[in-house]
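*Asks:* In case you want the letters, here they are:
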Amino acid sequence: MTMMPLVRTRASMAYLVLIALTVVTWSFGAHDILGHGHVTASLIILAIAVFKVRIVGLYFMELRDAPSWLRMLFEGYCVAELVVLTVMYLFG
Amino acid sequence: MVTRNAAAHPVLGSGESISARVRHVPGEPGLWIFLFGDLFIFSVLFTAYLNERGNNADEFAAAQGHLERTTGIINTFVLLTSSILVVFATRAVRDERWRHHSSGLFVAGAAVGACFVAIKGVEYHGMISAGLTPSVGNFYMWYFVLTGIHLAHVILGLLVLMCLSRLARNAASSATRIAIVEGGACFWHVVDLLWILIFSLIFLVR
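Line by line, the protein sequences are chains A and B.
If you're matching positions, the first sequence starts at 1 in the numbering used here and goes up one per residue.
If you're matching positions, the second sequence starts at 1001 in the numbering used here and goes up one per residue.
A hint or two may mislead.
[As the list claims (entries may be wrong)] Label pairs and their in silico Cβ distance ranges:
id : chain 1 : residue 1 : chain 2 : residue 2 : range
1  : B       : Gly1148   : A       : Leu16     : 29 to 37 Å
2  : B       : Arg1177   : A       : Leu16     : 25 to 33 Å
3  : A       : Leu90     : B       : Ala1152   : 28 to 36 Å
4  : B       : Gly1030   : A       : Ala80     : 21 to 29 Å
5  : B       : Ala1130   : A       : Trp69     : 16 to 24 Å
6  : A       : Val84     : B       : Ser1174   : 35 to 43 Å
7  : B       : Gly1126   : A       : Ile19     : 19 to 27 Å
8  : B       : Glu1096   : A       : Val17     : 28 to 36 Å
9  : B       : Asn1055   : A       : Phe51     : 24 to 32 Å
Simulated from the structure, these hints should not be mistaken for lab results.
Just so it is clear, the structure is predicted and the values come from calculations on it, not from any experiment.
In this text, a Cβ means the ideal position worked out from N, Cα and C, and glycines have one as well.
Construct the complete structure from the given sequences, taking the supplied hints into account.
*Replies:* Rendered as structure tokens:
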């Protein structure tokens, strides 16, 4: 029996998005693509990193389908992580 | 998808309609205290790292230039690929049609994950050979602390995946067994998730 139905899932799409975003963040880290200096690039890298974390949580860890209290806890973690990392990067 | 007994679940792999989904906590609820605790501890470490970086910006920027970003991005691909294999393995264990693939998928996930350890070993060897040790400066101290603690998580996660592969060999499946598999898989995904942040902070953010 083909395994296609097993791998045809939103998590597979999430995997492809994560790979693409990894390449994007690497590009931002390796080159000053925007021409605005390292600060802008670094803030974008942090935002994409937290977005990737959220994708892993929702689609790999299946928190998308978890009870709302658990999903909200994770969403709260992502928001707090983004705020703390951004503030510490800018003012730490 | 998230039914505990997907044998009675007609939609596995055919889209994930809301009506067919049963909301549940992946793994055992108590596990999430440990997982969020782990995430919190790493968040404290990240905060301390950025604070130290702010106090020694020039030193950190110069030292960061000696890191090999290519190994960092390869290791990111490695962990993401391992994670998706573990996702497939977890889906397989829920459905008797695919359960016989589950153990092999966990082994494949662990094998790919083991590449992370090998690549990190090569990276450490190269840095230490070049004299870039924790005693050289604050950046390298933080580099080895953050990546070292994470590496310990990877090794523990690989052991968990091997245990799950043994567990998945059993043809029968129970709610408890599925919960254990889900919990172990979630730990491995946390390992992946933490590396995404470490890679960005240590290798990319300048």
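*Asks:* Indicate, hint by hint, whether the structure satisfies it.
*Replies:* Hint check:
For Gly1148 of chain B and Leu16 of chain A, the hinted distance range of 29 to 37 Å is satisfied, since their beta carbons lie about 31 Å from each other. At roughly 30 Å, the beta-carbon separation of Arg1177 of chain B and Leu16 of chain A lies within the given 25 to 33 Å, and the hint holds. For Leu90 of chain A and Ala1152 of chain B, the Cβ-Cβ distance of about 31 Å falls inside the hinted range of 28 to 36 Å, so the restraint holds. A C-beta distance of roughly 22 Å is found between Gly1030 of chain B and Ala80 of chain A, which places it inside the suggested range of 21 to 29 Å.
Between Ala1130 of chain B and Trp69 of chain A the Cβ separation comes to about 49 Å, which falls outside the hinted range of 16 to 24 Å. Roughly 40 Å separates the CB atoms of Val84 of chain A and Ser1174 of chain B, a value that falls within the hinted 35 to 43 Å. Checked against the hint of 19 to 27 Å, the C-beta distance between Gly1126 of chain B and Ile19 of chain A comes to roughly 25 Å, which is consistent with it. At about 30 Å, the CB distance of Glu1096 of chain B to Val17 of chain A agrees with the hint of 28 to 36 Å.
Separated by about 28 Å at the C-beta atoms, Asn1055 of chain B and Phe51 of chain A satisfy the suggested range of 24 to 32 Å.
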